[in-house]
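Student: Those protein sequences? They're chains A and B, same order as listed. Those letters in the first sequence? Residues 1 to 310, by my numbering. Those letters in the second sequence? Residues 311 to 569, by my numbering.
Not one of these hints is a red herring.
One side only, chain A facing chain B, incomplete, derived with CB under 8 Å:
hint	residue
1	Glu79
2	Asp91
3	Ile102
4	Phe107
Read the hints as simulated data drawn from the structure, not as lab findings. The beta carbon of each residue, even a glycine, is placed where N, CA and C say it ideally should be.
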Amino acid sequence: MPTLPRLELCALHKNYGGRAVLQGVSLAVGVGECYALLGPNGAGKSTTIRCIQGLTPLTSGTILLDGLPLAQWPAGGHEFMGVVPQGDQLDPDFTVEENLWIYGRYFGLPKGQIRQRSRELLALMMLTEYAHRPLQVLSGGMRRRLAVARALIHAPRLLLLDEPTTGLDPQARHLLWTRLRTLQREGVTLLLTTHYLDEAERLADRVGILDGGILLAEDTPSMLIRTHIPGDVLELRRRDGMLPDPENWHEGRVAAAERAGDTLLLFDRDLDPARAHFAAEPQYQLLLRPATLEDVFLRLTGRELREEAS
Amino acid sequence: MNRQNSLFPGWGALALVRRNLLVWRKLLLPSLLGNFIDPLLYLLALGYGLGHYVGRMEGMPYLTFIASGIVASSAMNTATFEGLYSAYTRMAVQQTYLSLLATPLQIGDIVMGELLWCAVKGAISAVAIVLVAAFFGAVDWAWAWLALPIILLTGFVFGAMALAVTALSRSYDFFMYYFTLAITPMFLFCGVFYPLHSLPKLAQMLAGLLPLTHAVLLLRPLLTGHLPSQVPLHLAVLGAYGLFGYGIAAYLLRRRLLR
Chain A
1 MPTLPRLELC ALHKNYGGRA VLQGVSLAVG VGECYALLGP NGAGKSTTIR
51 CIQGLTPLTS GTILLDGLPL AQWPAGGHEF MGVVPQGDQL DPDFTVEENL
101 WIYGRYFGLP KGQIRQRSRE LLALMMLTEY AHRPLQVLSG GMRRRLAVAR
151 ALIHAPRLLL LDEPTTGLDP QARHLLWTRL RTLQREGVTL LLTTHYLDEA
201 ERLADRVGIL DGGILLAEDT PSMLIRTHIP GDVLELRRRD GMLPDPENWH
251 EGRVAAAERA GDTLLLFDRD LDPARAHFAA EPQYQLLLRP ATLEDVFLRL
301 TGRELREEAS
Chain B
311 MNRQNSLFPG WGALALVRRN LLVWRKLLLP SLLGNFIDPL LYLLALGYGL
361 GHYVGRMEGM PYLTFIASGI VASSAMNTAT FEGLYSAYTR MAVQQTYLSL
411 LATPLQIGDI VMGELLWCAV KGAISAVAIV LVAAFFGAVD WAWAWLALPI
461 ILLTGFVFGA MALAVTALSR SYDFFMYYFT LAITPMFLFC GVFYPLHSLP
511 KLAQMLAGLL PLTHAVLLLR PLLTGHLPSQ VPLHLAVLGA YGLFGYGIAA
561 YLLRRRLLR
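Let the hints inform the model, and build the full structure from the sequences given.
Tutor: Here it is in structure tokens:
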């Protein structure tokens, strides 16, 4: 018998007034898996997280936790899920440690268990020396790590993170990623939203690309790249600010191309002819690089697609 | 659908009361100081100053008369402030309610927790006044202990009405309307400073519809050594305001938070 997915979203629809925010989103996150929902602002990422929390009533669709609809779990399944919301929602009236204690009481945990778990989580999130400090002295990265610690106070099976590293500096992001990977090794299932492609690429076992409330593609980061991008990428920009390749020389000469602002992206296994052609013109700046998730993202949610859609 | 929607309170409410109590404890000294000094000023200024010219009212010294009225209005004011400004801060600024909804707590727990806390907070300030008034000999202790449940009920009622207003508010500015149109008229026309029968008949009837009137009519006798009359009527009016206030606040808060 195959193991049930930890979390399963089945055809989620959500309309606000006449506007469809989710248009049949279905996905499954396996036990111990890290799944990243990637999408531009307004794609429906946060709405999806809110729906799982029961904060946004669905227009239609079902959400299953360990195979059982959330509506049938006591307290909407909250005893088994932790949430790291956008903007932390920490309690500014309390110290670092008190934030964990107070939160543990909302889950009805006994005091001794809360104290012990708080010590472990503060150590894991490298906040032990700040335990007695007020929240106001914490940096953005520390606050976010405290929010993760708080979400883990009741040892949930599933951790939801809504844009966990938005607004953090690179060091803080790397530290948080390291801690999230530790959690994953310990068997916690992670569902996170992000609009950072590197975050999805480095953290997630699987990535779902969400745009306009529709899941456009879903796979491991490397398979997404292989499926949607043929080979490498050549980035073209012009020093004078004009759009590159106005005569569309590239058409028919490379496997695929995409315009993004002042940049022309050419995709192919062999980009040497194109590079040779444009290198001859002094106005051009060239960058040949391997394909990344960002290219997949641009191809799937990029300008051309939106024009087709409208 | 989701059980998150429950408007009925559970034990989770007490976890929120405890949270608010812990915050209050951090600011204990300035908070208590305010609770004692405020009524002291009122009692001295009105009880002695005005009382000097008024003399006795309804057979008791004026200080004694207004002391019990101010006990009631203070429970109203404190609970109202808590249900408006403090609750709005938790709801909109600190997003405390959203973080609570990520735990097993539900809308009903949040509303009940906030209202119980409004009741306790109102009682803290009202009891402070009872103590100050007692220092001036303005309290008869025969039935005074029965005042405590009435004070708690008064705080709950005004907390519920305030929380309903909070759930509708887009900013702190909105609360001025509620004070001007609801709280201040009650403060002035519900028998805090003079007996109701000094008002014209119509005004008396209107005052009879307002919750503070009934809180005063229960608390004044209890604090001056008598048992109140028409107890079931007063309790029924306060109970109705509390019950409807709770229902409306819970409904509006759910509409605001779950969307």
